[in-house]
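Enquirer: The lines below spell out each chain.
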Amino acid sequence: MLSAWRQMTPQERRGAKTGYLALSPWMVGFVIFYAFPILATFYFSLTQWTLVDPPVWIGLDNYVRMFTRDPLFISSLKATTLFVALSLPLKLVLGLMLALLLNLKIPGMNLFRTVFFIPAVISGVAVSLMWIWFLQPDTGVVNTLLSYIGVRGPYWFWDLNWALPSVAIMSIWKVGGAAIIYLAGLQNIPAHLYEAAEIDGAGKWRRFWRITLPLLTPTLFFQLIIELIDAFKIFTEAFVITKGGPLKATYFFLYYFYEEAFRNFNMGYASALALFLLVVIMGCTVFVYRTSGRWVFYEN
Amino acid sequence: MRTDDRALSIQQQLRRSAAQRRRRRLVGHALVYALMIFLALLFMLPIFWMASTSLKAPREIFAWPPEWIPSSPQWGNYAEAFGKYPLARYMLNSAILVVANIVGGLVSVPIIAYGFARFEFPFKHVLFLLMLSTMMVPGHIKLIPMFWLYQKLGLIGTYWPLILPAYFGNPFFIFLMTQFIRTIPRELDDAARIDGAGSWGILFRIIIPLCRPALTVVVVFTFVWVWNDFLEPIIFLRDWDSYPISVGLAFFQGRYSVEWHLFMGATLVSILPILVIYFFAQRHLIGGLASIGIKG
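Residue numbers (the working numbering), protein chains in the order written: chain A, 9 to 308; chain B, 3 to 298.
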């Protein structure tokens, strides 16, 4: 760095100084809000610490406990994995289908875009409350509508088998957010490619599989990573609606972390949980990124 | 004569096939509209049901079969909800947090982005990548260490933990703003420099005024995020009085779980500011999201 600095002209040095000065708030923020917490979490995860007494070093004990004798860890991992596996593919596919519909060039489409995007901007708490009421087993809209066609609706959030799918359905309601990003990707595909394909006699399906989908893979890739991180972080729904129940069916990982850290004040163990989730999320991101070379198509 | 005939018939055929195409397109449009309207109704059903419940009399809310549109809307429910729950207080708290965060973003983000977009210095590329990678760091990892730090500083129970980070630049906004500043021609900077403006003068007189669209994205997104934030307020705040609306609502539920008509009214009121800003700034919200999607 110093040699690079010496080779600069005085004017360049002045510019560089201004650049560093402009960046300084971010650099300070990086140290306080990213570097410090990650390193500290790592240290705390190797201690037993209840916030009242100073942390006591216990080496890898927290991790040993986590992986060998913690049924709650297993439950939370199971619930979270199931939720990701259920909601992520549905959200990706339905989001794309919705975006394809919204991309049709017919009058009035803007209005529909507005409507479908609304669920994506409302808070998790308001959505959760709305859905508790919407999915009431007795007088809720869904079960009422189902009863009209002679189907007895399930108990949704209050049923052992339906609680997790209910939360997944709720998250799919927010699919408009994904659709908007796809839509931007769709509108970036040059029209001349479709015209050329049409002249060559390619039908609608062929055009979708050969042009739309390949050129949309960068957007899909981006969306996959964003949604993946988001799905792992599911929390508010468990907090507001189910409290992790019934029988730990929706005991999501972050909810477990919250209870350990800020209800039981097992800060050391909770740090280990937090770090584990970070590693899982980073691992998934890196995995998607590494395999992306095989399926993500970049124009240049 | 014969050629005329043939020309006529070709013309007729063309006209007929054009009519056919038009008809087919019309049918197609009708099908698409039908599908879209069906889907839109389906998506709006939870919100409609919330609004409908909020206008019902207490004895109607559990009635079966349910009344879709209350025959005598009880507008008084809203006054009752405001009287019974500290809704106004919580929304004011949320508004304070929103404004403080917006100011933080508007102060910090343009300066930092200006540094990335306009100056050359050693390690710039590495720092930029580092900044981008922090976008991927899930927020939960910060909670315990920051809780510890804020406790040492005596800030638990105050708004500082929920406001401070905004003043150090959110990486998503920095990225967005950097990309935006890069599209502003450098000739403008040069012209201002010749007129005697310094680097900071250029930022405040040339760059920031031209960054209005990107700054609007910062305002709108901050509004939505801060208004909706839940996890950090429940951890860093202590007193009922200081809760933002998201936390306040979540805790009403435990306390007054039977009064669903008031409760749905309160929920609806709590999302109104978001809906209003969404309708006014839709373009910026969608544009901001779209731009990260494309570059991601």
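There may be inaccurate statements among the hints.
Partial selection, computed: residues in chain B whose CB lies under 7 Å from chain A [as the list claims (entries may be wrong)]:
1. Met38
2. Pro124
3. Val128
For the record, the hints were derived by calculation from the structure and aren't laboratory data.
Note that the Cβ used here is the ideal one computed from N, Cα and C, for glycine as well.
Enquirer: Now tell me if each hint is right for this structure.
Expert: Cross-check of the supplied hints:
Hint status for Met38 (chain B): holds, given a least beta-carbon distance of 5 Å to chain A, under 7 Å. Contact between Pro124 (chain B) and chain A, as hinted, is supported at the beta carbon level, the nearest pair being about 5 Å apart and thus within 7 Å. For the restraint placing Val128 (chain B) at the interface with chain A, the shortest Cβ-Cβ distance is roughly 11 Å, beyond the 7 Å limit, so the hint is violated.
This entry does not satisfy hint 3, going by the numbered hints stated previously; all others are met.
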